[in-house]
Structures are given as C-alpha cells and as structure tokens.
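In order, the protein sequence lines correspond to chains A and B.
Position 110 of the first sequence, counting from 1, maps to 110 under my numbering, and the rest follow consecutively.
Position 731 of the second sequence, counting from 1, maps to 731 under my numbering, and the rest follow consecutively.
I should point out that these hints are in silico values taken from the structure, not numbers from a laboratory.
By construction, the Cβ of each residue, glycine as well, lies at the ideal position given by its N, Cα and C atoms.
Take the hints with a grain of salt, since some may be wrong.
Between beta-carbon pairs, the in silico distance windows are [what the hints assert, rightly or not]:
| no. | chain 1 | residue 1 | chain 2 | residue 2 | range |
| --- | --- | --- | --- | --- | --- |
| 1 | B | GLU409 | A | ALA207 | 34 to 44 Å |
| 2 | A | ALA207 | B | HIS647 | 44 to 54 Å |
| 3 | B | THR494 | A | ASN225 | 24 to 34 Å |
| 4 | B | THR586 | A | ASN225 | 28 to 38 Å |
| 5 | A | HIS179 | B | HIS647 | 53 to 63 Å |
| 6 | A | ALA207 | B | TYR708 | 24 to 34 Å |
| 7 | B | ASP267 | A | ALA207 | 33 to 43 Å |
| 8 | A | ASN225 | B | ARG583 | 55 to 65 Å |
| 9 | A | ASN225 | B | LYS719 | 57 to 67 Å |
| 10 | B | PRO690 | A | ASN225 | 19 to 29 Å |
| 11 | B | GLN727 | A | GLU169 | 39 to 49 Å |
| 12 | A | ASN225 | B | GLY501 | 42 to 52 Å |
| 13 | B | LYS719 | A | HIS179 | 28 to 38 Å |
| 14 | B | LYS697 | A | ASN225 | 29 to 39 Å |
Lysine to aspartate or glutamate pairs mimicking DMTMM-like chemistry, simulated, CA-CA at most 20 Å apart [to be verified]:
| no. | chain 1 | residue 1 | chain 2 | residue 2 |
| --- | --- | --- | --- | --- |
| 15 | B | LYS749 | A | ASP206 |
| 16 | B | LYS746 | A | ASP124 |
| 17 | B | LYS765 | A | ASP124 |
| 18 | B | LYS749 | A | GLU217 |
| 19 | B | LYS750 | A | GLU220 |
| 20 | A | LYS145 | B | GLU105 |
| 21 | B | LYS746 | A | ASP206 |
| 22 | B | LYS742 | A | ASP124 |
| 23 | B | LYS57 | B | GLU105 |
| 24 | B | LYS742 | B | ASP705 |
| 25 | A | LYS127 | B | ASP680 |
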Amino acid sequence: MLVRQGWSLEYESLDTGVELWTLLSACICSKSLVRRQRNIGIKMVEESDPYADMILADGISLLCNDIQVDPQDIVMLAISWHMKAATMCEFSKQEFVRGLQALGIDSLEKFRERIPFIRSELKDEHKFQEIYNFAFDWAKEKGQKSLALDTAIGMWQLLFAEKEWPLVEHWCQFLQARHNKAISRDTWSQLLEFARTVDPALTNYDAEGAWPYLIDEFVEYLLENGIQKVQLSDWTH
Amino acid sequence: MPCRTTSSPPPSSSFSAGLLTALASRNLHVSVIMNERKTIDLEQGWDFMQKGITKLKNILEGLPEPQFSSEDYMMLYTTIYNMCTQKPPHDYSQQLYDKYRESFEEYITSAVLPSLREKHDEFMLRELVKRWSNHKVMVRWLSRFFHYLDRYFIARRSLPGLNEVGLTCFRDLVYHELNGKVRDAVISLIDQEREGEQIDRALLKNVLDIFVEIGMGQMDHYENDFEEVMLKDTAAYYSRKASNWILEDSCPDYMLKAEECLKREKDRVSHYLHFSSEPKLLEKVQHELLSVYATQLLEKEHSGCHALLRDDKVEDLSRMYRLFWKIPRGLDPVSNIFKQHVSTEGTALVKQAEDAASNKKADKKDVVGLQEQVFVRKVIELHDKYMAYVNDCFTNHTLFHKALKEAFEIFCNKGVSGSSSAELLATFCDNILKKGGSEKLSDEAIEETLEKVVKLLAYISDKDLFAEFYRKKLARRLLFDKSANDEHERSILTKLKQQCGGQFTSKMEGMVTDLTLAKENQSNFEEYLSNNPNINPGIDLTVTVLTTGFWPSYKSFDLNLPAEMVKCVEVFREFYQTKTKHRKLTWIYSLGTCNINGKFDPKTMELIVTTYQASALLLFNTSDTLSYQEIMTQLNLSDDDVVRLLHSLSCAKYKILTKEPNTKTITPTDHFEFNSKFTDKMKRIKIPLPPVDEKKKVIEDVDKDRRYAIDASIVRIMKSRKVLGYQQLVMECVEQLGRMFKPDVKAIKKRIEDLITRDYLERDKDNPNIFRYLA
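Chain B with its partners taken away, still in its complex shape (with noise of 0.2 Å):
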C-alpha cells in the first residue's frame, strides 16, 4: 500500500509503480540516487498538484476519469516531497500547505456550497451525507499526496494537521452554514417517525454521524447543535400529547401509551441517535409523560392508582411501578396512596368488627368473641393480598415495605370496641393453640396461621401488652392443661424470640419449662407419698410448683381451705421442704381444680370444678342451708368472687344447689341449699366458672412496669450523658423502649418530674430546657 512507504524515504520520479512493492527493502540503494534530482520551483509543481486534484474532483462528482493508478499517486506524492525537501529559497512547504486548504476551499465553494444550498428538506440531507462522504475520500486523498508535510513541516511547526485541516475547511464552510437547516430538517423526520411514518433511518444515522464526526473526537458540535434542539423539540411534541392523552386516557391507557413511547424513544437511540442522548431523550419523555401529570394521572378518578388497587389491576400497578420507578421522587405518591388504601381497607375492617361486636354486645361482654376473632383472620388476609403486591408488582421496593408497615401501624393500633389489637392478637393466638378452639386446622395451617400473627404483632406499638396478655393467656392454657400441642406452644415462642428478642419471651419460656418440671416434681411427690404411706392425705394431690417471676400475678392465700385439702397442703410442704429449704411456697388456690364426688339422689356423679367451688360444695357436707353470708365469711372470699362462684353452682347450665329465692343473679340475701335431686346424662361433668375479666388488671400491670421502664431508661441514657437536652432525652428514651411499646411523651416528661423530685435529675440552672444527672 501506498501509505506504507512513507516511512521511507520517498522514492525518485524514475522508479516505476511495479518497483513500488518492494521498496522498502531498497532502502540503501534509493538514498544514492537522491541527491541528482532538479529543483522545482512553485508553478511548475503546482501545476502538476493541480492537475492531480482535478481529476480528484471529477472522480467525486462522478465524470468520466480513470482511476488513480499507484503511478499517478507515487508522481503526486513525489512532487510534494521534492518541492519540501529543496534547499530555501525552494522549500515551498508552507505555500503547499496554503494551496492545500485552498484546494479545499475552493472545491467546497464552488462545487459543494451550491449544490447544497439548492437543495432542501430530505434532498438536502441526502445530498450533505454524499457531500461529507466526498469530502471523507477527498480529504484521504489530498492528504496522501501532502503527507510529506505532515510528517515534518507540520510536526515541527505543531500546525493543523492535513486531515484535520480538511475536515475544518467543511465544518467551516458547509456545517456552519448549513447546521440549522439540517437539524431541523432530521427533527421534523423524527417528528414525522413519531407520528407513525415511514422514514429513511439510514439517512438520520448518517446526518446525525455527521454532527459527531464533525466535532473530532468532541461531542460539543452533536450535543449544542443538534441534541439540544432535538430534546427541546422531544419535550414540546410528548408536552402536546400529554396534554391531550391525560384529558382522554384513562390512566392505564395513558401508562401503555407512556410506556410504548418510552420504548420507541429508546430504540429510535439504538437506530440513529448517538448512544449518548438515551439517558438524556428518556428523561424528557419521562417528565413530560409521567412527572408532569403524576399526581392528575394517579389521582384519576375512575382508573387512578386508589382505583387500580380497588380493581386489583396487578398489571396496570406493575407498569405503574415500571414507570414512576425511573423518575426521580416518582414513586412517593404511587407508595403514599398504596398506603392510603391499605390502611382504608383496613379501617374499614375494624369499622366492620365493631359494628359486628356493637350489635352482638348485649349478651357477651366480657370475653372476646368470635367477630373479633374473624376481625384478625380478616386483617392476616388483608396482609397476605398487599405483600404479595409488595413483592410482586412493587418488586420489594423498600418504600413500598415501609408504606405496608406504616399503613398496618395505623390501624393495627386501633383496636375493636374496648379491647386492643394486643389483646385481640394474644386471644387470637389462644384460640388457635388451646383445645378445642374455634378454629380447626392442620399442624401446618397452624404453624403458618402462627408465624403470620406474629408479624402481625411487628406493626403492633404495645408488644408488652400484648405480651402481658398472651402470658395470662399461656398460664391458663398451661395450668387448666387445654394446651392443645406443647410443638405449637413452642414453636411460637421462637418465632416470637427472633422478632421481639429473648427479653420478650424469657417469661414464656420459663412458664413452659416450669411445666415440664412441675411433671417430674409431681412423680417425685408420687414416690414420696408411696415410701411414706403413713402421711398419705388420703386424697390425689396433684400440685404444680411455679417460678414466681415468669407468671403473672395471682391472689394467694385468700380461700380458708376445707380441712382435707389443708392437710394435703402440709403433706406437700412436708415433701418440698425434704428437697428445698431455701424456697418459700405461696399457694395460690384460684388456680386450682377439683375432682369432687357428688353423690346426688338419681346417681353419683364427678363433678371438676375449681377449687373454689369445691370449697363452697363441701360446706354443705355439714349444713342443709347456707346463706349468702354463711359462705362469704365461711370461704373468707370476697363479694367479687363468692357472687361468681355461687353464680356457677346454682344458677348456670348445672344447678348443683338450689337458690333461694330462684332468681338469675346473686343477691347477698339469697339462701343456698344442695340439690339433692340433680342429675345428668353425663356421669362426669365440668363446671366452669368463668375467669374473672382481668383486662383492667393485665393494663394496670403494663402501665405500672411502663413506669419503670421510662424511669430505668432516663437513668440510663442520663447516667452516660450526664447532660442532655430534653428533646433529646425523649428521643432516645423513645427509641430505647420502641421496642416494646411506644411510651407517650407525657408519660416520660411525667417521669422527669419524678426523677428530679427523686433527687436523681436537675434541670439546668439557665436553661430549663437542659436536665443535668445527679451521681
């Protein structure tokens, strides 16, 4: 090839083109011939320079000349390096140079300029892309035959190199000339492209690699020239369709409108745009369609956001996603209405609850029912159907976590009629897990039903109520024994564990573990009374020692015990004392069951009661007839309870005594005697006695440990501040105990005051705003 031997020196106008191949490995013997050539002055070799350009400039507008043969190019570059080489006055390189862009300028004036400027529109394009191309082989050509310059002349002055000098002899003449024309004339194709026309995309990619080449290895021409305009122009034409589509569409034809015109945009930039303006032309697209009229279009009416989750339009909400995703801040309302309408779903159900539990109410008060029950079914649902859309359609975007998380805090928190989420979840829980609950459902169903509760209780503020409750809960299930599965019971447990943390469930845990020891301390009880018959009450003694501290509170000591069941309450002290001295029992009788014979006229029967009841049974062992009072004093009970107890011998589903007068309530006045006659198809059977309602306690409890707890906490973050600011302590006194429950800012501030009455906090004396700890 030519170019390679110019690397060489160049060889003499004598050699002859078939030698050309082989010149470079003749070296030595051209240098020898150098030195005999003839100076030639400018004319002369212009002359022969222009001769070759002529038939340059015909090649390119396509008159009939022969091709450049390797002679005809070996001569021009010869000559070029004869007139460079000669000694001053004859070094005409920088004459050369001149009359190179001169070659070009007066091509471009005279040939290319007119042609151009004739034209127009989709012509005209085509006509710069021929033109530019022309322009491309002219320059490769003219530049071969100056190249000697480049090499030295150019290189030691640091000028314009040949190529560069014309590609800027167009870029001069034509582009600035004509930059605008083209440019509108590309935008108004793509425009003409947008609204569905064919167009030649070829075309575009060669007039827009135009703009890039033009610039040299530099975007500035492509971007200030063309991009701007084009992105300008972009965001007019989706401004005027916007403006139209958004009064027409309804929103999930506009976001398929939205979303194929974004697709189109992209794939016009893998046509013919440089790959640099997708970001740039999306963006447009993007705000013109979608943040422009965000909120008009999610607020749509009949087809907006609220009423495509309404609708349950998985799809639409997917593309909806897709769409605002990209936009800077676009998804916050999409997440804000999302959570608008979970926690309007869930409202409604708890308006649903109470409006169930107001017209059921009359009859059962105290106990939660089963409407309540169906409230958190429906709220477990409810939290399944939007994590999935959580998951599915908002692809677990943690915005949309956190609108779920906010959404269920708001209603979760609520509560149905009088009793709180907390309770209602522990009763939930107690439902499932105790026997014969309201719900029958397999180990599995259970397990699951389970592990969703307690994610439920994740959006719960007070978990020590709820915690507080589901022990109360625990205890009956544990000591009445209607523990349906100890699996369940446990395994609820750990999952508790692992979301609310060992503090959380430490109680429960040991409550079930006291269970399992009460067993083998019962056995060893057994053994006891079987190696010392002598002792032997007489009667089956079964007791459950407990670990004060993991359960909740009890009355102890308050029934005056039948004589029988005190001597077995020696017996067992008598064994615990063999096994512990350090320990102190305290009985406590109100959780107590009895197995008592009754031996009525008809037959006698078993009947389970609670020690209570037996208590007051076994009083009539030695009387006929026993007033109100007569068994108040006699049980050393209170009216609370003895109203209770009798209430459930005499006037519930099994009368084992007689009450006078027979009315349906308890009055201190009333007579009780044992109903000899009563009887039973069943030969053993269970009366309840219904539990106190223990929610004003179990809040009181709470309550009162809250107390503690802000008081612990102050001290805490006080002893290692020392001074704080009272924003401040409030703050991180809240975020202590946001774990657990959400202490009321009152409440602290309540607990300041006390701990600076407790001498264990001062406030500052210049800003009563700052509190100082007291060591």
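Bound conformation, chain A alone (with noise of 0.2 Å):
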C-alpha cells in the first residue's frame, strides 16, 4: 500500500514477527520498497521525517483490503480517530504508528482482530461524541473554520446510520433545500447534542433554547413540512 517518495522503511528481519514492521512490509510487498536494515521497528521509523512520509487514497484501499474492511466503513473513521489523523484519507507515518502503537498492533493479525474491538467503540456513547466531533476536523479543508456542506453530509450519514438517528435525511435534505452552506464547527457539534437529547417526535424541544439557528430552522421546516406535528405550547415543557 502506501507509500509515496521515499518512505523508506526500514526493517531488521522477519524473526518473531514482532515489529509493525511486518505488517508494513506486508502492506508494501508488491512494491518494492524495503531496503536498508538497521533499527528494529517503532523507534526507527519516527526517525524520519514525517511530512515526506503519507499514507493516501491508494495506500489506504491496500491497508482496507489487508484488513478486509471496506473503505467506507465507518470503523475506518473510528481507526483514523485512534490514529489522530489530521486529515481524511491521509495517514503521516507518525500517525500511523502512534496510532498503532496505541492500539497494541504489531501485525496484520493483531490489526484485524483489534477491528470489532474498534467498531464495539463506536457504541459507548461518549467515545462515539469524541470519534464525531473528531470527524469535523478530520473531514473539513484544511485552512477552513467550516465544513463543506456536502462533506459533511456524506459524514452526517455515515455517523448517523451508526448512531441511528431517524432525522438525518430530513435534516440533510433540509440543508440542501434551505442552506447550502458550510457548516460551522458549533452546529456540527450541536447537532449530535440535538440528536441526543430531542427526541424525533420534538416533544422536548425548546424553542427558547440555545441552538444554533440552523437547527431551529430545521424544527421549522419539519414543521412547516407536517413531517412533525408539535403544538407550540408544548415547547415549553
């Protein structure tokens, strides 16, 4: 898989199949790439230089397929949490072993019986807030304070399928019909708070509320849309 100007890897044998290493190598054996011998695993590899080393989009397809998930899985997001990329579909060398070290994978093996470990986090509520909110900066621009709408509708449907949220393709569609715009760290992370705690028939919504406005207007236009019938004074409730 990934490797992209001289990434080079270094490793010192394939003994106990102990070092990430063999995973990497692994990854990479179609290329070849593998040359010099020196350090064993981790500590040689943060060595270089961590910008010139990146995992992208190929690289990325190779790993998916070496681990069998598929690309657009959501546990991918979930890994690059663990990893702490700054961006989508990038590892930096450094990220990528951190991550790794951090999970305790030194091989292939390991790396796909960690996945339902992976995935099983997604359903602890609190980590799941952190993989979202992690999801904002992952997915946005670089140099950007927003999100691309469209980005982040993808994002919205990839979390909320997990999350279950039955408002999700009203509020994608709303955002396309009303706004069109990027969306704003704050009502990214509101929104995931909205969807927590208001339940979809809007019975404990407060109009008065802190919400960001994009949100109020979505209680509108599901209103205004019969999509949910809610008597204003039960707002207050």
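Relying on the hints, combine the two individually framed chains into one complex.
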C-alpha cells in the first residue's frame, strides 16, 4: 500500500514477527520498497521525516484490503480517530505508527483482530461523541473554519447510520434546500447534542433554547412540512 | 363635687352637707374625730344602703322620688366607708363588693330584662337604649356610693373595678341575651334605609354605641356580634341588587348607581356606624357591585368600556376610573380595553392609509406620498386625543400610560404599504422642515408638530432606521439648500437628543455644523481666488466640505467630469492643501448642482441642473448627436444613472434633448440630440433629477450596523460576565440595544454563532446553553 516519495522503511529481520514492520512490509510487498536494515521497528520509523511519508488514498485502499474492511466503513473513521489523523484519507507515518502503538497492534493479524473492538467503541456514547467531533476537523479542508456542506452531509449519513437518528435524511434535505452553505463547528457539534437529547417527535424541543439557528430553522422546516407535528405550547415543557 | 372628697379621709356622719365643699381644708380636724365612731354590723349597714339603692331604682324607673341630695350621698358613702374600715371581723368589704354586684343583677333580672323581652324591633331598640343609659347612671351612682371599695379593697386584691363590675352585669345578663335580636333589628333598619325609607339614625347610632361601649375599650363585641353579620348582609343585599342591575342597566347607569351606593354607604358610616367599618363596608359593596361583575359590566356590548371609548363618553370613563381604581387590580381590564381600543383605531388608520396608497400606487411608486403624510398626521391626532384621556379621565395613572404606549407600539411598527413607520416619520419631518413642503404651518405650529413627531418616535422600535432615513433626508435638505429654517433644524435635533440621547443625534448635529463651517470655508476660498487671480478657473465654484462619518455614504469619483470642472476641482484641491495637509478630499459628484447657460435659438436660458446632468449636456458642445452608449462611456456612469439622467433631460417636463425614437422611456439603442428649439416662458429653470430610491440601501446599511452593534453588545456583556447562560445573554443584549432597535432573537443567535466561529466565545463543554468568553 502506502508509499510515496521515499518512505524509506527499514526493517531488521523477519524474525519473531514482532515488529510493526511485518505489517508494513506485508502491505507493501507488492512494491519493492524495503531497503536498509538498521534498528528495529518503531523507534527507527519515528526518526524519519513525518511529513514526507504519507499514506494516501491508494495506500488506504490497500490497507483496507489487508485488514478486510470496506474503505467506506465507519470503522475507518474510528481507526483514524485512534491514529489522531489530521486529514481524511491520509495518514502520516507518525500518526499511523503512534496509532498502531496505542492500539497495541504489531501485526496485520492483530490489526484484524482489533477491528471488532474498535467497532464496538462506536457504541460507547462518550467515545462516539469524541469520534463525531473528531470527524469535523478530520473531514474539513485544511485552513477552512467550516466544513463543506457535501462533505458534512456524507459524514452525517455515515455517522448517523451508526447512531440511528431517524431525522438525518430530513436534516440533509433541509440543508440542501434551505442552507446550502458550509457547516460551522458549533452547528456540527450541537447537532449531535440535538440528536441525542431531543426526541425525534420534538416533544422536548425548546424553541427558546440555545440551539444554533440552523437547528431552529430545521425544526421550523419539519413543522412547516408536516414532517413533525408539535403544538407550540408543548415546547415549553 | 362629691367625688373630689374621695381623695381625703371621709367625713364622719355627723358632718352637715353645708360643710361638704370646705372638707378638703379641714382634713386635720376631721381625723381627730374618727376614732370615736361606733361599729356597724352588716345587716344594719346594708339595710341603709338598700334604701338608697331602692331610691335610685325608683328614680331610674321614673317613679316619683326626690333627687339625691348631697347629704344622702354623703350618708351612703360614709356607711360604706365605715363598714370597710372596721377592724375584722367587722370589715365587710368582700360582702359589700358582692352585694354591689347583686344589686345590679337583681335590678336587671327583675326590671330591665322583662321590659326588654316584651318589646320588639325598633321599640326594643329604644328600650335598650334607655335601659343602657339608665344602667350607666346606676353604675355611676352606685359606684360612687361604694367608691371606698375601689380605693383599697379592689385595688389590693386586683379585682374588677366597680365600674367594670357594673357594666359587666349588663353585658352578661342583657347584652348576651339580646345582642342577636338587636343586631337583626339594626340590620333590618339599615336595609330599610337602603330601600329609601326614613329611619331614626340617632337611634341606630345609640344602639351601635352600646356594642362599642360594652367592649370597654375592645372592639370585639362590635366587630363579632354586629359588624361581621352586617357586612355579610350588605354583601347579600348588594349581590341581589347587582344581579338585577347588571341585566337591566346600561354600563353608565350601572356605574351611576354604584357610585351613588358607595356614597350612601360612606354617609351611613359617618352617621351611625363606627368609623372603623368604613373600609370594610365599602370593600364589600365594591366587591359585589364592581369586582363580581367587572367583566360583564366593562364588556357590555352597547354601553361597555369599548362603547364609551368609541363614543367619547369622557365623563362615564372618568367615573369608571374612579370606581375601578379602588378595586385591587380593578383597572387592569379597563386599561386592557383602552389599549385594545387605541390599537384598533390605530390599526384602522394603517388600513385606511394602505387602501389609499394602493389606489394611488399606479403612478407614483417610490416617493412616500401624500397619503402617508396624512397618515402620520392622523396618528399624531390619535395620540393627542388619547393622551388627553390618559391625563384627564385616567388621572395620569401609569397603567394607562403603559397601555397607550403598548397600543401605539403595536400599530406604529406596522408601516404602510412597504414603508416602515421609521421612514414615514423621517419623511414627515422632511416635509415639515423643507422649503415648499406639503404643509404650510406657522413657526409655532411647526415646533409643536415636531415635538409630537419626536414623541411618536418613542413608540417605534427601529430608531436606528429612523436615524438613517432622517440623515439621508437631512443631507438632501442641507446640501441642496432645501432646509426652510435653521432654527427648526436645530430645535428638532435638540428634541431628539432629549429623547434618544446624544449618541443618536451626534452625526446629525455634525452635519448641521459642517454646513456652517462650509460657509466659512467657502468665503476663505473666494478670498483665496481673489488673491490669486491667475489660477481662477473662470467658473464660480462652491465646495461644501463635509466630515466623513457624519454623513450618509455616497458613491464617489464615478463620473468623468468635463474638463472645465476638472480644473475647478484642481484649484480647490490646491486651496485646501494650503489649509491642511492631513486631510483627504473625496469628491461626491452625485450631490453637485450646476447653473449652466443654454444657448437655445429662441433665447438663452439658465438651467439649474445636477453635476451629472450638466456633464451630460456639456457633451453636446462637441457633438450634435450622441448615442446612449457614447454618453454612457464618456460619462463613465452605470446604466441606472444614465437612464435616470437622460430621462430627466429628454422625457420629462423640459426636453433639452430630443430623443430618437421619440418615446417615453430610455433604451440603450436611443440617440440624443441637443434641442436648440427648446424654450420656456421663464428665463431660469430647474430641471429636477429624481433621486434614486435609497430605501433598500438604507435598510441594508442599517442591517449591517445592527450586526456590528449586536456583536459589540455581546462581547461587552461577555467580557464583563465571562460565563453566561444563553437566555440571559439574549436578554441583556436586547436590553442594551433596545434604545436603538429591537434586535431579533434569531439575529442575536446568529451573531453568537459567528462569534463562536471567530473564537470570541465558546459553548460550555457540559452545558450547551452556557457560553464562555474567550479572552
């Protein structure tokens, strides 16, 4: 998978298969990249320039292949979260190595074995929230303050398929019909709050609350279009 | 007087009555004799007392009996004195004390009660009054006879005093038996009086005094035995009355009756009830007559509060105020109806103006028309009228001031056919302040009207919008010399300043001052030119230098000036440089005026035109015919401006240019030619260039300013509070900005979110309803 401009990977030997290395080389085997022998695994990898060596889209699809995960699978987001990846569809070597270290993965085997655990973390409300908020920075264009609408919608569909928020399709439709602009971090994070705390029938929605105006307008949109019917008086309870 | 003697040792029985008054001075002598008297036993002594008591009873019963002489009294007193001062066992104080009481009890049982029991109603009351008064006489006399008991025996043993024992007997025996009967008789008389019958008020007064006196300083008996039931009866009485009146009478009639009833009840108190009953009694009556039926009364269909307001029944309304003022929260519904009424009338004016405007809409669209002007007039009249109501009928009560304010706020913020009321007011002011405005008024009338407009402004929430429109119009008045009177201009600014604060008018004041300074500057410029004749451009030039910031924003440097004028600009620039080096001049040609001479075939005429128009006309000095496109390129103006100014020169009243084809509108394919045949009976004509409709721009500008204002307000609040809940932030923000405009909560929310994005604020990690300031 993964290599671009001289990601010079070093390995010592394929002896007891301890090294992260094994994994990397296994991934890379198709391309002849493995050269020098020097130190063992991780330490040595850190020494190299973290910016020069990136795993990009192609590499990622190779990786997915190796660990038998669909690139569109939300678990990839969770993995990226573990890697603390800065950008979608990219891992720097440093991110990747540290992530694997933290996950205690030193072989493809282990990586595969770890997947169900990582997947299960999505069910943990607190971790899901972290992953959700991580996704904003991960997915947005670097240098921008907000997240492009298309990307945001894609991410929401992915995330809320997991979280099972029944209004997600309405939300996305609403944004395309009425908003059509980028999404701020505040709106992003408050939407999860909204999905978590306000029931889909909106019975406990407080119009006087501090919800971002976009969410207020979404509720208006739902009511206007008869998608949800709530008496105004109910909102105050 | 006999009672005086009690302060000295009593005289011996051998003293004559004639000595009585001299007693005090003979104390010494008397005491010498004291030891010589004989012991009196109880039976003997009491026999003597009994005689005196019988005589007293006879007198009270009206039997023929001579009055007590001083001697009689002396004898009786002395007997008691002696019987009490004998050595035990001959001290009969206790026995005498008991007998004293028994004497009353015996008399009451044998004479008083039987005579009362056989009488009823008013006769019983009369008898009671008489018996009570007798009883008091009896107590007075007997207590004098027995007075010596009071001094030592009673005082030493802390027993009830003689007077109290006497009154208590009456209370326990007579009052307790009869008070219910008496009370009913009194109440029935009161009811008779309420029905218009004459009753003996003095009798009632006397009877009720018994209830008070029997309490011996406490009001319990009056309150519990009489007043309570009397109040209940009163309530029942008026409840009956009210239930009929409310059906039969109109609201004004009902109120007349109610007022009369209250007056009578008050009168009643002053004549025979105890004064402490007044508030309670009136409260009952008010409750039954007014509180209970308030809604029904006030909302009577043809005569209720609405109808009274509709028919301007000032007197009835005043009465309504007087009546309901005394009732707790009684004025609330009245003020509500008042508010509704005023707001309905106001809304009707809005509707009327809307209709009139839509009928006239066809021809003149942009200009705020006469109809709207009439509308503001009418609103002012409405305000005058109802302010008078508040002052007179409702005696300046704050509740009604509030109602009036709220009513005006409702319809004053509606606007008429697309023009906000802020704009309407600004235009109204403009019409009054400009030369040849639609209203011809005396100076005093103008002052008064301005005063009223400013008052109306208080009801308008978009004060910033008013300020912006006002400034636009003020700019036109000042720059085009259209202001009729400098005094009025300054006077309204003073009024606005008083009402809305100095910040509100600072720019406007700056504008007025700028103009004064500009006049000085102009004379300096003229002096400069006469001192430097070599640089004189040969055209009279007047430049008004304005301070950026005070004035509305205008487009600058857009027009390609004709060469002659460019020279003028240069000359002035040089002059200005001599005065100051640090200021940058930005030329706004769109506000300029030119006087040019047109050499038409019939005659030469002076044309007063704008700089734009003049520049267009001057193009024809070099070409006979020009196309739309050529004109546009040479002037460097937008389509909008070119269309507007060519229309004013070729399609309007004065056709200085002829247009090919000769139609009423300008199209980009048109061609224009100087109309050398043009003439007019005047030698000097003004060719107006209709102003662009600036409404949209004004509103946009105000919107932008508001965003800044909200941002600033939020940051100010958060800077001082650091952490604040959303609701409170919005509330404080609305409060801070409320003097200028009513910020939309949604707008505030958007600004908060924007400030979050710009890292001025953040949401609390745990509570999304709380914001933190990020320093």
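Evaluated hints:
Between GLU409 of chain B and ALA207 of chain A the C-beta distance comes to about 23 Å, which lies outside the given range of 34 to 44 Å. Restraint check, ALA207 of chain A to HIS647 of chain B: a C-beta distance of roughly 50 Å satisfies the suggested window 44 to 54 Å. Take THR494 of chain B and ASN225 of chain A: their Cβ atoms lie about 54 Å apart, and the range 24 to 34 Å is violated. About 51 Å separates the C-beta atoms of THR586 of chain B and ASN225 of chain A, a value inconsistent with the hinted range of 28 to 38 Å.
Under the hint 53 to 63 Å, the C-beta atoms of HIS179 of chain A and HIS647 of chain B, about 42 Å apart, miss the expected range. Restraint check, ALA207 of chain A to TYR708 of chain B: a C-beta distance of roughly 27 Å satisfies the suggested window 24 to 34 Å. Judged by the Cβ atoms, the range 33 to 43 Å given for ASP267 of chain B and ALA207 of chain A is violated: they are separated by roughly 58 Å. At about 58 Å, the CB distance of ASN225 of chain A to ARG583 of chain B agrees with the hint of 55 to 65 Å.
Checked against the hint of 57 to 67 Å, the C-beta distance between ASN225 of chain A and LYS719 of chain B comes to roughly 41 Å, which is inconsistent with it. Separated by about 45 Å at the C-beta atoms, PRO690 of chain B and ASN225 of chain A break the suggested range of 19 to 29 Å. Checked against the given bound of 39 to 49 Å, the beta carbons of GLN727 of chain B and GLU169 of chain A, roughly 32 Å apart, lie outside it. Restraint check, ASN225 of chain A to GLY501 of chain B: a C-beta distance of roughly 45 Å satisfies the suggested window 42 to 52 Å.
Judged by the Cβ atoms, the range 28 to 38 Å given for LYS719 of chain B and HIS179 of chain A holds: they are separated by roughly 31 Å. For the pair LYS697 of chain B and ASN225 of chain A, the beta carbons lie near 35 Å from each other, so the given range of 29 to 39 Å is met. Proximity of LYS749 of chain B to ASP206 of chain A is assessed by CA-CA distance (about 14 Å); at most 20 Å being required, the pair is judged to hold. Annotation: proposed proximity of LYS746 of chain B to ASP124 of chain A is violated, straight-line Cα distance about 35 Å (limit 20 Å).
Among the hinted pairs, LYS765 of chain B with ASP124 of chain A is consistent with the structure: their alpha-carbon atoms are about 18 Å apart, no more than 20 Å. The suggested pairing of LYS749 of chain B with GLU217 of chain A holds, with an alpha-carbon distance near 12 Å, which does not exceed 20 Å. A threshold of 20 Å between alpha carbons decides the hint, and for LYS750 of chain B with GLU220 of chain A the separation of about 16 Å falls inside it, so the pair holds. Among the hinted pairs, LYS145 of chain A with GLU105 of chain B is inconsistent with the structure: their alpha-carbon atoms are about 104 Å apart, more than 20 Å.
Straight-line distance between C-alpha atoms of LYS746 of chain B and ASP206 of chain A comes to about 14 Å, which keeps the hinted pair within the 20 Å bound. For the suggested pair LYS742 of chain B and ASP124 of chain A, the alpha carbons sit about 45 Å apart, so the restraint of at most 20 Å is broken. Distance restraint check for LYS57 of chain B and GLU105 of chain B: the Cα-Cα separation of roughly 12 Å lies within the 20 Å cut-off, and the hinted pair is therefore satisfied. Straight-line distance between C-alpha atoms of LYS742 of chain B and ASP705 of chain B comes to about 13 Å, which keeps the hinted pair within the 20 Å bound.
For the hint pairing LYS127 of chain A with ASP680 of chain B, the CA-to-CA distance comes to about 87 Å; that exceeds 20 Å, so the pair is violated.
Hint check: violations occur at hints 1, 3, 4, 5, 7, 9, 10, 11, 16, 20, 22 and 25; the rest are consistent with the structure.
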